[in-house]
Amino acid sequence: MNQQEALQVVLDALGEFNQIHRRDQPVPPAPDTRLFGPGGHLDSLNLVRFVFLVEENLQRRTGKSVALTDERAMSQRHSPFISVTTLADYIVKICAPNSPNS
Amino acid sequence: MSEPAVSTSNSGPANRPPEGDVPVTLITGTRKGIGRYLAEQFVAKGHQVVGCSRQAPDWSAPNYLHICCDVSDEPAVLQLFATIRQRFGRLDHLINNAGIASMNHCLLTPVDTVRRVLDTNVVGSFLFCREAARLMQRRNYGRIVNFSTVATPLKLEGEAIYAASKAAIVSLTEVLARELAPFGITVNAVGPTPIETDLIRSVPKDKMERLIARQAIPRYGTFEDVLNVIEFFLSPRSGFVTGQNVYLGGV
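Top line first, the protein sequences correspond to chains D and E.
Going by this note's numbering, the first residue of the first sequence is number 19, and it counts up by one from there.
Going by this note's numbering, the first residue of the second sequence is number 59, and it counts up by one from there.
Don't read these hints as lab results, they were simulated from the structure.
It is possible that some hints are incorrect.
[As the list claims (entries may be wrong)] A few chain D positions that, by computed beta-carbon distances, are all more than 10 Å from chain E:
| id | residue |
| --- | --- |
| 1 | 67 |
| 2 | 91 |
| 3 | 116 |
| 4 | 117 |
[Unchecked claim] Taking lysine to aspartate or glutamate pairs in the EDC-like style, the calculated list, with each CA pair at most 20 Å apart, reads:
| id | chain 1 | residue 1 | chain 2 | residue 2 |
| --- | --- | --- | --- | --- |
| 5 | D | 82 | E | 131 |
| 6 | E | 265 | E | 215 |
| 7 | E | 213 | E | 132 |
| 8 | D | 82 | E | 132 |
| 9 | E | 90 | E | 254 |
| 10 | E | 263 | E | 232 |
[Stated by the list, open to error] Selected chain D positions facing chain E (in silico; Cβ < 10 Å):
| id | residue |
| --- | --- |
| 11 | 38 |
| 12 | 39 |
| 13 | 63 |
| 14 | 70 |
| 15 | 74 |
Idealized CB from N, CA, C, for every residue including glycine.
Just chain D, with the same shape it has in the complex (with noise of 0.2 Å):
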């Protein structure tokens, strides 16, 4: 998966996320728009709720199941949710055919 796609997958999710739990408050569906942490729009529950949209979203895409946040995501030096991008770059590199995870 190049780093257009996984910026799609993240994207499509966020767009599912507003739809069901932000139709007031939409998050920016942005590349740039920073998720989790300071500055971010998500708070830890709601960052519970828009993970598992973007690993359905994978699922759908790849046909296979992807964790997003297993111990490999929570030892990154930079939480790979930070913003979309970020969840974006980190997508690629779990899909990447060389990952335990491909």
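Given the structure of chain D, go ahead and fit chain E onto it with the hints provided.
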């Protein structure tokens, strides 16, 4: 500048299911025994029931869909939930009934037996809770009922692994209740006394009688006793009841 994080309302599980079609109820271990009884009861109450077991059942019912599945096999469980999502688009209730027991002295219990009991009773229940919650949270409503057992508080000799696996279920129920409350999902457990089913067929009669004598109400439980507690937990009016474990028979 980014907008501040916004908290979602955290007022706890909803008291009413969302408007819509008939409720969808998933019950594990429905090939026989209490699972079959529960499936038939909820079909009769107008639910769409989905059941599962490793082997196909020799019975069927209208508005009942059976899916063959080992509850501890993650890919099979994911496929089962994908089927529910495609067919019904929702899940209102999960009754985690599937379970196995092994009665033996710990000195004589092979580790394969330990793994099998933990896989079915703990891993299976966890997988179903997780996947059910994923489906339920979309509508901000759900009811999960797990199965514990009086063997845990009675500290029954010969049932170390079974009792331990069900102690894990009590703990799982209590923690998941807190984790899933913000998603409108309640999680509770029912702990039946011995019921005359296959699960206790191999236990000597005198042992069962001694066990039943330790209950406040010394009799075998019935399927109806268990159904009564489950109906209470599933009720839309039980939205403020979560993290509870009800032992039957006054244990």
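Hint check:
1. 67: Since the minimum Cβ distance to chain E is about 7 Å, residue 67 of chain D lies within 10 Å and the statement is violated.
2. 91: holds (17 Å)
3. 116: Its Cβ never comes within 10 Å of chain E, the nearest being 22 Å, so this holds.
4. 117: Holds, since 19 Å exceeds 10 Å.
5. D/82 with E/131: Holds, at roughly 15 Å.
6. E/265 with E/215: Given that 20 Å is the threshold and the Cα spacing comes to 10 Å, the pair holds.
7. E/213 with E/132: violated (31 Å)
8. D/82 with E/132: Roughly 12 Å separates the two Cα atoms, so the pair holds.
9. E/90 with E/254: holds (13 Å)
10. E/263 with E/232: Judged against 20 Å, a Cα distance of about 34 Å means the pair is violated.
11. 38: At 6 Å from the nearest chain E Cβ, residue 38 of chain D passes the 10 Å test, so the hint holds.
12. 39: holds (6 Å)
13. 63: Hint on residue 63 of chain D: holds, closest Cβ of chain E at ~5 Å, below 10 Å.
14. 70: Holds, about 6 Å.
15. 74: holds (8 Å)
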